[in-house]
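Q: Each chain is listed here by its residues.
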Amino acid sequence: MATYKYHILVCGGTGCQASDSAGIIENLKKELEARNLQNDVQVITSGCFGFCEKGPIVKIMPDNTFYVRVTPEDAAIIIEEHIVKGRKVERLLYTDPETQQHISDSKHMGFYQKQLRIALNNCGFIDPENIDEAISRDAYLALGKVLLEMTPQSAIDEIKKSGLRGRGGGGFPTGLKWELASKSPGDEKYVVCNADEGDPGAFMDRSILEGDPHSIIEAMTICGYCIGAHVGLVYIRAEYPLAIHRLKIALDQAREYGLLGDDILGSGFSFDIELRYGAGAFVCGEETALIHSMEGHRGEPTFKPPFPAVSGYLEKPTNVNNVETFACIPIIINKGAEWFASIGSEKSKGTKVFALAGKINNVGLIEVPMGTTLREVIYEIGGGIKGGKEFKAVQTGGPSGGCLTQKHLDTPIDYDNLIAAGSMMGSGGMIVMDEDDCMVSIAKFYLEFTVEESCGKCTPCRVGNKRLHEILDKITKGEGTMEDLDNLKNLSKVIKDTALCGLGQTSPNPVLSTIDNFWDEYVEHVVDKKCRAGVCRSMMRYVIDPEKCVGCTLCARNCPVNAITGERKEAHVIDQSICIKCGACKDKCKFNAIEIK
Amino acid sequence: METIKINIDNKNVEVPKGSTILQAARMNGIHIPTLCYLNLDDMNIENKPGGCRVCVVEVEGRKNLAPACATECLEGMVIKTHTTRILNARRTVVELILSDHPADCLVCAKSGNCELQTLAQDLGIRQITYKGAQSTYRMDTSPSIVRDVDKCIMCRRCEMMCNTVQTVGALSAINRGFEAVVAPAFEQDLIKSSCTYCGQCVAVCPTGALTEVDHTPQLIRDLADPTKTVVVQTAPAVRVALGEEFGMKPGTIVTGKMAAALREIGFDYVFDTDFAADLTIMEEGTELLDRLTRYLNGDKEVKLPILTSCCPAWVNFFEYYFPDMRDVPSTARSPQQMFGAIAKNYFAKKIGVDRKDLVVVSVMPCLAKKYECGRDEFKENGDPDVNYSISTRELAHLIKQSNIDFNKLPDADFDNPLGESTGASVIFGTTGGVIEAAARTAYELFTGKKLEKIDFECLRGLENIRQATVDFNGTPINIGIAHGLGSARKLLECIKKGECNLHAIEIMACPGGCIAGGGQPLHHGDASIIKARHTAIYEEDKNKPIRKSHENPYITKLYEEFLGKPCGELSHHLLHTHYFDKSKVEICIE
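Protein chains in written order, with numbering that gives the first Met the number 0: chain A, 0 to 596; chain B, 0 to 589.
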C-alpha cells in the first residue's frame, strides 16, 4: 500500500460541489502530476466538513490545515506553497471574525471547538466511496461484535441503555422501538431507513449519506439482526442524487466484502438493503406515510395504532429510523452505552446535529452534545449575528417548529426543553433571525410551506392551515383585526388538538410561538397598521419630508408608476394610492428626504 | 367474549375487547357524531380513514384529541365525549369543512338528504368563523354519474368503495393539501376512466359531490308530448325501497302504490321489468341448459361456468378487466334491454305505434342502467330500445312533484301484456335471486319433473361469495354467487386459473345486489335497511301465485305469437348481445 506524505481532503458534499470542488480536485491532481508528486500526495474527495459558509473547504493532513473558500484557481498555489515549500497559504486560511487572526487548525476555530461529532464522526475524514477508509475508522466493527458476540436482545438492551432517542423529530426511544419490532410475531420483517429529509433547511441526513454511507448500512444490518429482519429499505428522496450514488457504491462494496448479503461474517445471518425513491413530499417523512409511499400508494399517514412495529411495510412488522439515529448505532456498540449516556442532558442523551442557517455568521452543519444552550450554538459556534445586528429569534425544528427568543437563549437544547418552550427538536433545522425579520411574515412563510405540503387527508390540516395562512396574509396586508388574532389562536389550538399526523399537529407552532413571544408585533400590525421590521409592504408608506426636499425632480423621474408630483424647486408629494412601494425614489434621493413610515 | 372496563362520560361500562371508542359509545347510548366513517358491518364494508376529525374525544392521559372511530378502547380508559374543548374542536372542524363547501344547499341534489347538512344542523352551526378561499374543480358529467367535487369533503368513502370493495380503481385521492380531491387519475373525466357506473360511490357519498344524472326533466317533457306514447318498466328492487322516500319502514313493499303513482304521473302503460326478467330466465336458462348438456355429453369446447349478464356494471367490469373472458358470460341481454326490445318491436306494433313515437322509460335501483340504455348495440337506427332510465330516488322526486300523496294511494295493478310476472323474477332484485330463478326453471326443463321445493335456501344470504350444489335429479349442479365487483374479481381469477368447478355463477356488481344499488334511497351506512329490503324481496316472491318464470302465461304467449322459441333466431336478434374489449382506457393528459 502506498504511503503518502500528504493527504489533501477536498469536500465533496453537495454544497461544495455546487461551488466547483470537483474543479479543485482536478486542478490539484494536475498540479501534482506536473511536479511528479502524485505518489507523495493523495487527493481525496471527502464528505461534508460542516462549515458550509466557508466552502469549498480543502484540508491538508497531517498538519490539519483548513483552507476556506478555495477556488479551482487556488490549486496551483496550494501545491506550490504548502506542499512544495511547506508554507501555509495565508489568504486561504480562516479569519476569526473577533480577533481578525488567521487560524489554520480547525480545532481552534470557534465553529468546531464546542462541537462533538458522533453521527458526523467520519464525515470529512474519509473518502465515502472507499470502504477501506471507512473500515480504517472502525466501520463494521460494531456489526462484527453484534453478530458474533451478542444476542439480539443484548444488543437491543445496549441501545436502550444508551438512552438514544429518534433523531427524526419525535424523540421516541430507539431501543424500545427495536424491542417492539423484535417482539412482534412474524418471520418477515423490515428495517426502514427514513432518508426523506423533507425540511428544506436541514441537510444532516444527506451529509451523513454522502460522507459516511457505511455507518447507515452497518446500523441497518445490526437493526435487522436485532428485530429479525432480512431486508432493509432506504427511503431516500430522489433530489439527493449524490447521496444515492454514494450509497449505491457503498452497498456494492459492502456486499463485495461480505458485510452485506448472505451469511454475513460467517454468522449465519443474512441481510440486504434496497433503495426506494421518494418524490420529495414533506409528509412522507412521517413513518406511516413513508410506508404507504414505499408500497406504491398515495403518501399519506394513517392512524396509529397499529404502529409500524406491528403492521408496517406490506403489513409486516417494520422498524423505521431516521438516518442520524442509525448513524449513532455503531459508535454506541463500539464505545458502549455508558459512554453515550454520559453525554447530553438527563432525558436526551448523546449529541444532535443541527443545520445552522439564517442571519448568522457561520452557516453550516454542526453537532453538539444535547444540553448545549442556544446561546452557545448561536454565538460561539455560529459566530453571532450577521452584520452585528440584534438577535431576534431562532426557529428550531423545521417548518413546523416554533420561534424562540432572547429569553430562551440559555435554555439547554434537548427534546423536552424545546417542547416546553413551544418549539421542538424536529429534524434539527435552526434558523436565526435578526431585527429585520417580521415575525408575522415569518409565521406566514412557514404556514405557506405546510399548506403546500399537507397531504389533504384530515380536515384541520387541509382546511385549517389554509385558513391560518389566509388570516396571517390579511394581517400582513394591514387588514387584520383583533378578532383575527383570537381566531388565529383558537384555530391553531384546534389544529394541534385534532390533526391526524405529526405534520398537522405541529404546523401551527410557528403561529403559536410567535403569538406567545411577539404578541406586541401582532398588535402593532393589527391596531397601528405598522410593521416594525419594515417587511410588510402594504403597511409601509414612502413619504417625502417637505423640509428636506429641494425639488430636484429626480425621484419623480425615477418613479415607475408616476406617483410623485411637484413643481421644480418645490417639495414633491407621493400619491399613496398610486405608489407601489418599490423604494426607487428613496434609493435615488440625494437629500435623504424620503422616509418610510 | 372477552370484555374490558372503561369509563365513558362518567359512566363505568364494560365493552367487548377490541371495540373502538365509537362502538363503545354507541353501545352505551352515547351518540358521537361522525362524517367520514361508514360501516355496513355484515357486508365487510368499512371506511375508517380517521380523516374528518368530527368524532374526536378526550382520552385521559392523551395529549391531543382522539378520533373515536379509529381509537381502540383499552382497559381502564377514561373517555369524555362532550367537554368544552371537544365541542369547540368539533365545531371548528365542521366550520372548516363548511368554509370550503359551496353554500348552495337550497338547490343541491342532496338537500335534505345530506350528512354534512344534518351534522351542521345537529351542531347548531349558524355562522362560519373561518371564511376563505374555496377550492373549485371542473364539473364532470358521465352517462350515469355527475361529479361536482366542489362539494367533496375528502371522506374517501367513494374511494374505498371503488377501490377496496369494487376493485375498479376509477376514483382515488389526487393533489395535495387544500387542492386534494377524489377524482379519476390525471383528473380525467369519469367517462375516460374504467368506471363501471355501478354507482356505489354515489350510494355512499355523504354530500352532493356525487349524484346521478337527472333524467326527470326529459321525462316530464315526454309525458306532456301528445305525439308520444310513454311506457314505463320498473325493476324488482324498486318496489321494496321506494316507500323509504315517503317515510315508510325499510322493507315495506309498495308494488301496488308504485303502479298507481306511475299511472297518476301520466304514463300511458305501466309495465314491469319483472316480465322481462322472466324472459331473461327463458333465454339464459336455455343457454345454460344447452352448454350444460353439451358439457355433460363430453364437448370440450363448451364454456363453463356460464356467468349471468343482467348487471350492466358487471358487464362493464369484465369488458374492462377480463376482456379475454368475454365469451364466458351469457349472451342474454339484461331484463331492462329485453323489455325495451320487446316493447319497441312487439308491443309498439301491437298497439299500432311507430317505435320512434314510443318512449320506453325504466325505473331502476341502478345508475349503470342509464349508461346501458345508451349503448349503441341497443339501438335501432339510432333509436334506443330503452330511451332512458331513472333511479328510485328520481321516481320519488317525480311522485312528489306530481302532487301525489303516495302513502294514501290505493294499490293498482300493472298493465298487460308486459306487466305480468312471477316470483322468480322478483328475486332478481337481490343477490342470489337470478340464479335461484334460473334454477327453478332449469330444473324442470332439465329433469322434466316438477320442482317440489321452490325455495333454494342454499343460494340465499349476504355473504360476499357463496357456493352451493343443487341436485338436478342426480346431476349435481355447482352454483356460485358473487356480489360486489371485488368478489366477482376473485371468482373470475379462480376461473382463469382453472381452479373453479362451478357450472353457473351469478354476479351482481353492487354488494347486496340491486336492492343496494346506486340509485336506491340512501342507506347512510345503515346495513339494516339493506337487510330489510332483502327480506322483503323474498316475501314478495312468496306472495306471488306463480313462482317459476316458464309458467308466466304472457311469456308463453310471447313465444307463441312472436319469438318462436327461446334462443331462436328472433331471440338471438332481439334478446342477446355481444361484448367488447374495453381494456384500453384512453388516457389524454391536457
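Honestly, the hints are just simulated from the structure, not real lab data.
Here a beta-carbon is modelled for each residue, glycine too, at the ideal position from N, C-alpha and C.
Just to be clear, a hint being listed does not mean it is correct.
Simulated crosslink set (DSSO-like; lysine-lysine; CA at most 30 Å straight-line) [unchecked claim]:
id : chain 1 : residue 1 : chain 2 : residue 2
1  : A       : Lys492    : B       : Lys489
2  : A       : Lys492    : B       : Lys130
3  : A       : Lys528    : B       : Lys496
4  : B       : Lys496    : A       : Lys303
5  : A       : Lys182    : B       : Lys10
6  : A       : Lys385    : A       : Lys587
7  : B       : Lys10     : A       : Lys406
8  : A       : Lys315    : B       : Lys489
9  : B       : Lys581    : A       : Lys303
10 : B       : Lys496    : B       : Lys564
11 : A       : Lys528    : A       : Lys303
12 : A       : Lys492    : A       : Lys406
13 : B       : Lys130    : A       : Lys473
14 : B       : Lys130    : A       : Lys488
Which bits of chain A does chain B cover? Going by a derived footprint, with three or more residues having C-beta under 8 Å, they are [to be verified]:
id : region
15 : 135-148
16 : 155-162
17 : 442-448
18 : 487-500
Q: Now, for every hint given, state plainly whether the structure supports it.
A: Comparing the hints with the structure gives:
1. A:Lys492 x B:Lys489: violated, 47 Å
2. A:Lys492 x B:Lys130: Between Lys492 (chain A) and Lys130 (chain B) the Cα gap is close to 17 Å, so the pair holds against 30 Å.
3. A:Lys528 x B:Lys496: Given pair Lys528 (chain A), Lys496 (chain B) is violated - Cα atoms ~74 Å apart, limit 30 Å.
4. B:Lys496 x A:Lys303: violated, 38 Å
5. A:Lys182 x B:Lys10: Answer violated: Lys182 (chain A) to Lys10 (chain B) is near 35 Å, above 30 Å.
6. A:Lys385 x A:Lys587: holds, 26 Å
7. B:Lys10 x A:Lys406: Violated, at about 46 Å.
8. A:Lys315 x B:Lys489: Holds, at roughly 23 Å.
9. B:Lys581 x A:Lys303: violated, 40 Å
10. B:Lys496 x B:Lys564: Between Lys496 (chain B) and Lys564 (chain B) the Cα gap is close to 36 Å, so the pair fails against 30 Å, i.e. violated.
11. A:Lys528 x A:Lys303: Since the Cα atoms of Lys528 (chain A) and Lys303 (chain A) sit roughly 45 Å apart, the hinted pair is violated (cutoff 30 Å).
12. A:Lys492 x A:Lys406: holds, 23 Å
13. B:Lys130 x A:Lys473: holds, 12 Å
14. B:Lys130 x A:Lys488: Cα-Cα ~15 Å, so holds.
15. 135-148: As far as the region 135-148 of chain A goes, the hint is violated, because 0 residues have Cβ atoms under 8 Å from chain B.
16. 155-162: violated (count 0)
17. 442-448: violated (count 0)
18. 487-500: holds (count 8)
Going down the numbered hints, you'll see the structure goes against 1, 3, 4, 5, 7, 9, 10, 11, 15, 16, 17, while the others check out.
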